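Undergrad: Sequence order for the protein chains is A and B.
Quick note on the working numbering: the first sequence kicks off at 2 and runs consecutively.
Quick note on the working numbering: the second sequence kicks off at 2 and runs consecutively.
Keep in mind that the hints were calculated from the coordinates and are not lab data.
What you are looking at is a predicted structure, and each value in this text was computed from that prediction instead of being measured.
Don't take each hint at face value.
Identical copies go unnamed one by one, so any copy, or any two together, can satisfy a pair.
[Said to hold, decoys possible] Straight-line Cα separation of at most 25 Å, SDA-like style, residue types lysine to any residue; simulated pairs:
#: 1; residue 1: 175; residue 2: 219
#: 2; residue 1: 616; residue 2: 547
#: 3; residue 1: 590; residue 2: 632
#: 4; residue 1: 539; residue 2: 552
#: 5; residue 1: 200; residue 2: 635
#: 6; residue 1: 295; residue 2: 615
#: 7; residue 1: 255; residue 2: 233
#: 8; residue 1: 200; residue 2: 218
#: 9; residue 1: 159; residue 2: 606
#: 10; residue 1: 80; residue 2: 106
#: 11; residue 1: 200; residue 2: 630
There are 2 protein chains.
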Amino acid sequence: MAGRLELIASIYNGIPKDAQITRIEFEGPEIAIYVKNPSFLTNNTEVIRKIAKEIKKRIVVKADRSVRKNEKEALEIIKNIVPPEAQIADVKFDEDLGEVLIKAKKPGLVIGKGGLIQQKIFMETFWKPEIVREPPIKSRTVESVLTHMYNETEYRSKILKTFGERIHRELLFKDRYVRVTALGAFQEVGRSAVLVETKESRVLLDTGVNPSASFGERMYPKLDIDQLRLEDLDAVVITHAHLDHCGMVPFLFKYGYEGPVYTTSPTRDVMALMQLDLLDVAEKEGRPLPYSAKEVRKELLHTITLDYEEVTDIAPDIRLTFYNAGHIIGSGMAHLHIGDGMHNIVYTGDFKYARTRLLDKAVNEFPKVDTIIMETTYGKQKQTNREESEKELVDIINNTVNKGGKVLIPVLAVGRGQEMMLVINNAIKEKLIPEVPVYVTGLFDEVTAIHTAYPEWLSKEVRDSILYRDENPFTAPNFKRIEGYREDIAHGEPSIILATSGMLNGGPAVEFFKEMASDARNSLVFVSYQAEGTLGRKIRDGAREVQIINRDGRVENITIQMEIKSVEGFSGHSDQTQLLKFLEHMSPKPRNILLNHGEASAISEFRDLLNRNRKRLGLWNTNVYAPTILDSLRVA
Amino acid sequence: MAGRLELIASIYNGIPKDAQITRIEFEGPEIAIYVKNPSFLTNNTEVIRKIAKEIKKRIVVKADRSVRKNEKEALEIIKNIVPPEAQIADVKFDEDLGEVLIKAKKPGLVIGKGGLIQQKIFMETFWKPEIVREPPIKSRTVESVLTHMYNETEYRSKILKTFGERIHRELLFKDRYVRVTALGAFQEVGRSAVLVETKESRVLLDTGVNPSASFGERMYPKLDIDQLRLEDLDAVVITHAHLDHCGMVPFLFKYGYEGPVYTTSPTRDVMALMQLDLLDVAEKEGRPLPYSAKEVRKELLHTITLDYEEVTDIAPDIRLTFYNAGHIIGSGMAHLHIGDGMHNIVYTGDFKYARTRLLDKAVNEFPKVDTIIMETTYGKQKQTNREESEKELVDIINNTVNKGGKVLIPVLAVGRGQEMMLVINNAIKEKLIPEVPVYVTGLFDEVTAIHTAYPEWLSKEVRDSILYRDENPFTAPNFKRIEGYREDIAHGEPSIILATSGMLNGGPAVEFFKEMASDARNSLVFVSYQAEGTLGRKIRDGAREVQIINRDGRVENITIQMEIKSVEGFSGHSDQTQLLKFLEHMSPKPRNILLNHGEASAISEFRDLLNRNRKRLGLWNTNVYAPTILDSLRVA
């Protein structure tokens with residue numbers, strides 16, 4: 002790979018003098034060319050495309066500060082160019098990076114057909130437009146993430162340059178190898194973390210908390226070994242926003258990490274929300290906080306977002322590409338292209354190799370794969386068929402409503418809750434269930450709002466419905482968004498209540514449960530995994546007398562008369578059959594499979610299954626490993 | 002394990018005031034108690050023994066500087082106490098450590114029965130005697146190692162205290178694990194190095210050069226990975242003096258290592274000699290030197306020598322014990338007792354599980370073993386029976402001498418040369434061959450001299466012969482020590498010539514060969530492995546016309562008329578059968594076997610063999626691993 006000086010030389014040589022280059026900056030993985038005559042390049046786009054292809058870099062042309070219109074003028078021009086139907090909600094200028102953020106209800110209309118309007122904005126203002134969606138459900142998170150980033154443009158432009166220079170440093174060594182080290186979520190679920198090392202670079206994949214340990218060493222992955230020096234780490238890559246994959250990222254910043262975090266935009270926003278909630282819960286429960294909101298804010302400024310299938314240099318010898326993982330919004334499989342193709346790693350994170358209503362099926366075709374690190378959560382279980390699960394849920398709702406009861410569905414904040422909204426919305430539309438009000442409440446409602454900011458990241462069906470038919474299932478009229486618990490609903494007419502938390506260990510779901518439990522006409526429906534030790538698990542396992550600690554600290558005895566149901570099959574993880582199918586249809590076939598993110602028994606059973614089916618799966622020559630935490634495997 | 006303050010408190014509490022303690026020093030792994038009244042403790046040895054047992058430490062009592070006799074007086078006293086038959090050769094005082102080095106031809110007589118004379122010296126001079134042998138063959142190496150160390154007593158006492166304080170630091174972490182990382186000599190032979198890591202400590206086992214790569218990265222083990230920080234390393238442990246196990250130790254000091262090197266005394270001396278020879282050869286061949294003699298001298302000052310089966314703390318949670326490996330003089334298997342018995346590792350280094358004339362059979366009974374890291378050099382080969390090999394050699398000598406010819410045996414400097422001397426000496430004594438002169442020359446003669454300084458480290462037979470019957474086979478009258486090459490011998494009467502180098506790639510062996518090759522009455526006998534690319538290998542493989550570069554740089558053509566023979570079976574390594582027997586009779590059985598120090602094919606064949614014979618070997622539940630360089634295995 003070429004070093005910085007060579008790259009700069011190639012650009013200077015490739016671009017005609019007329020463009021009037023004033024600076025070339027390495028802004029994170031992108032190379033920004035600041036010119037005094039941007040019109041020249043916009044009329045000669047072929048020049049840039051050719052250089053970008055030649056040097057294999059992402060190049061962006063920006064206008065030199067001296068030629069940009071002043072903010073007031075620029076704002077006027079933008080308002081004139083963009084059609085009013087776009088409904089611009091906010092415009093923010095980033096002087097340091099020469100960018101203008103345009104937030105609109107219909108961002109497509111700001112971009113224009115083939116990007117024409119977007120380009121016109123640049124040509125007339127010389128500010129580079131960044132266009133984002135103003136979500137139909139207002140999201141405090143999306144709002145504050147953007148505000149925070151546009152308040153700190155100076156810091157951000159400074160660190161992007163630091164990242165850029167580090168990414169494009171010269172390669173020093175001839176000695177080449179790739180090591181993969183298990184730091185967390187091997188032979189277990191929780192606290193995901195994998196270190197990938199070459200002679201030249203180090204990348205950390207995921208940095209999760211262990212949800213089954215609320216403090217102490219078992220809460221974190223093995224981050225404090227000699228092998229991992231935070232100051233030498235090139236990149237942190239986050240596959241999705243569940244806390245067992247991203248919950249400890251701010252902790253890295255607390256202990257000296259100063260580098261970039263690569264993830265998708267939805268993951269960035271949901272991740273920050275979840276981390277702040279983790280702090281909130283820990284504080285309420287009087288537990289020590291592993292980090293503070295300050296580090297969450299720092300993490301945001303250090304985050305570089307990528308689209309699926311966008312190839313990006315993250316170290317002098319490593320390129321990262323995310324592929325849709327189908328697990329939750331923004332979830333990605335991380336593909337690492339190492340040493341100009343010497344070795345290619347796919348780290349799946351959590352993935353669903355099946356369509357859900359919310360998301361498309363996980364990708365399993367890659368340009369190259371030598372080693373795959375693959376989750377095995379359901380290595381020994383098969384799930385119920387999805388259609389049957391939906392039918393089961395419909396039946397429960399109908400029976401309950403017919404008796405005059407209400408249905409309480411505790412949902413996890415990210416993923417399952419939104420999937421339930423789509424299932425129920427569809428059932429109402431298809432008239433499979435009566436048009437009762439569907440109340441949504443708790444943390445998950447804010448997460449739903451974030452979903453509405455990123456329709457491009459949802460399943461084709463939902464995406465098309467929102468973008469082309471202007472029909473947003475999350476804002477469908479049957480959904481009633483409420484704040485926390487409401488007594489009139491708990492004791493009111495037949496309805497469906499979707500509330501967090503999903504395992505009944507907090508949130509409005511518990512309050513609804515307390516009030517609804519004694520009425521035999523009501524139903525409680527579990528649609529996700531109930532962890533050991535939670536109230537949800539106790540009830541699902543058959544307890545009909547439970548104790549709940551009241552807000553005023555008193556223990557309350559609850560006798561359960563309501564119907565208790567459990568519908569499997571809505572999981573965001575691939576079940577055993579889907580895991581096998583994923584490998585069977587994977588292209589190309591890997592040489593090494595490392596199984597992670599599963600209990601020891603699940604991994605062991607799945608490994609045996611793999612070995613017995615090598616022929617059918619086309620994995621005749623593949624090594625299957627089941628590493629233990631702190632094992633390092635040299636894969637190349 | 003107790004920290005320093007606790008240890009000091011235990012000692013103060015356990016020793017009566019009468020002893021008048023002035024200081025307690027951690028001198029490397031030993032705790033030295035300096036007292037003003039040593040007589041008290043010498044009369045109450047039970048007190049010290051009890052404390053040592055209680056705190057599980059090696060305690061040594063020394064006299065406070067103020068009460069020691071002055072050097073002149075002390076010297077007089079020593080000369081009066083030690084019987085003249087001991088033949089004292091030198092006496093050196095170390096003021097900093099309060100020790101007196103007494104070098105004598107008969108060290109046993111300085112020690113006295115039950116250590117009585119040694120004790121008397123201490124009681125009358127208040128200097129602690131360290132007694133070493135003045136070898137019958139003068140060794141420049143032994144001489145200069147001791148001189149160097151006694152010239153630098155201040156530095157040495159200072160670093161011993163640093164080591165001691167580091168070894169006895171407080172244990173900080175509750176998290177416990179043991180990782181083994183392959184740095185060199187895995188799936189290959191050469192550049193041995195293994196890193197053992199716990200949460201608390203790091204130990205490097207062996208640090209060898211790759212004899213098949215004379216410069217560049219392949220010459221060294223993987224010492225420059227993030228996982229290995231020289232400044233944080235607790236100990237370097239060297240199993241034996243062959244360069245592929247110890248050749249890069251000075252390199253560690255060059256790049257910042259400041260800690261101790263643990264090995265046996267014979268290994269220390271031979272190692273330094275071999276390292277200096279490596280520099281010599283590299284310089285002559287105009288290759289870059291990986292380090293200089295300065296670092297060899299530093300290594301010597303940092304070396305702490307241990308006897309076989311002497312248990313020593315080398316880190317707050319690691320104890321080291323060497324066991325006889327039967328490979329070359331001083332060779333040891335390293336046993337690591339980790340975390341108060343949580344895990345026990347045996348690293349065999351090179352070993353011979355069979356008696357040779359020079360050494361006893363390798364030990365395979367240990368107090369505890371969980372993981373064994375085991376050499377597999379001959380994983381796929383069986384050697385000829387030893388008795389047959391000796392008979393074969395005897396026949397060749399007889400045939401050659403009967404024809405009026407001379408026998409040239411190229412020998413490796415360490416091990417094979419001395420073994421040949423014992424075989425030939427025995428054959429002469431038993432009148433199996435005629436009493437012809439046996440010339441010994443080259444580097445190996447200096448190594449033989451070192452052997453005569455350490456008879457306690459040789460086989461029981463040789464040891465008994467030297468110590469009790471005063472019959473030293475290395476100084477037997479038939480051996481004629483000569484300097485380099487001698488023409489009169491090459492063209493003289495029938496004789497046997499033992500000369501380095503063993504593969505005919507330098508040394509007097511080549512010069513003898515050149516002159517003797519044309520005479521069909523002569524024989525050339527290979528008794529050790531001939532590496533690819535060496536002159537020895539070419540000849541052994543059948544070449545009868547070879548080119549040699551002369552001292553004046555001209556190429557000389559040599560036509561070989563002398564007989565070429567090869568006698569297998571003298572190897573210092575265990576062959577396949579012996580490797581299996583070693584495991585079969587090993588006690589206790591390990592849970593993990595890591596195969597190293599073998600070509601990939603040898604390891605793979607031996608691994609299969611192990612798996613097929615698990616039942617017979619009693620290894621039913623043992624994991625067998627064949628790691629690759631840079632793999633880390635978490636073994637506990």
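Undergrad: Does each hint fit the structure? Answer for all of them.
TA: Hint by hint, here is what the structure shows:
no. : hint      : result
1   : 175 / 219 : between (38 Å within a copy, 11 Å between copies)
2   : 616 / 547 : neither (51 Å within a copy, 54 Å between copies)
3   : 590 / 632 : both (24 Å within a copy, 23 Å between copies)
4   : 539 / 552 : within (21 Å within a copy, 89 Å between copies)
5   : 200 / 635 : both (12 Å within a copy, 22 Å between copies)
6   : 295 / 615 : neither (49 Å within a copy, 57 Å between copies)
7   : 255 / 233 : both (15 Å within a copy, 23 Å between copies)
8   : 200 / 218 : between (29 Å within a copy, 12 Å between copies)
9   : 159 / 606 : neither (50 Å within a copy, 57 Å between copies)
10  : 80 / 106  : within (14 Å within a copy, 103 Å between copies)
11  : 200 / 630 : both (22 Å within a copy, 13 Å between copies)
The structure does not agree with the numbered hints 2, 6, 9 stated previously, though it agrees with the rest.
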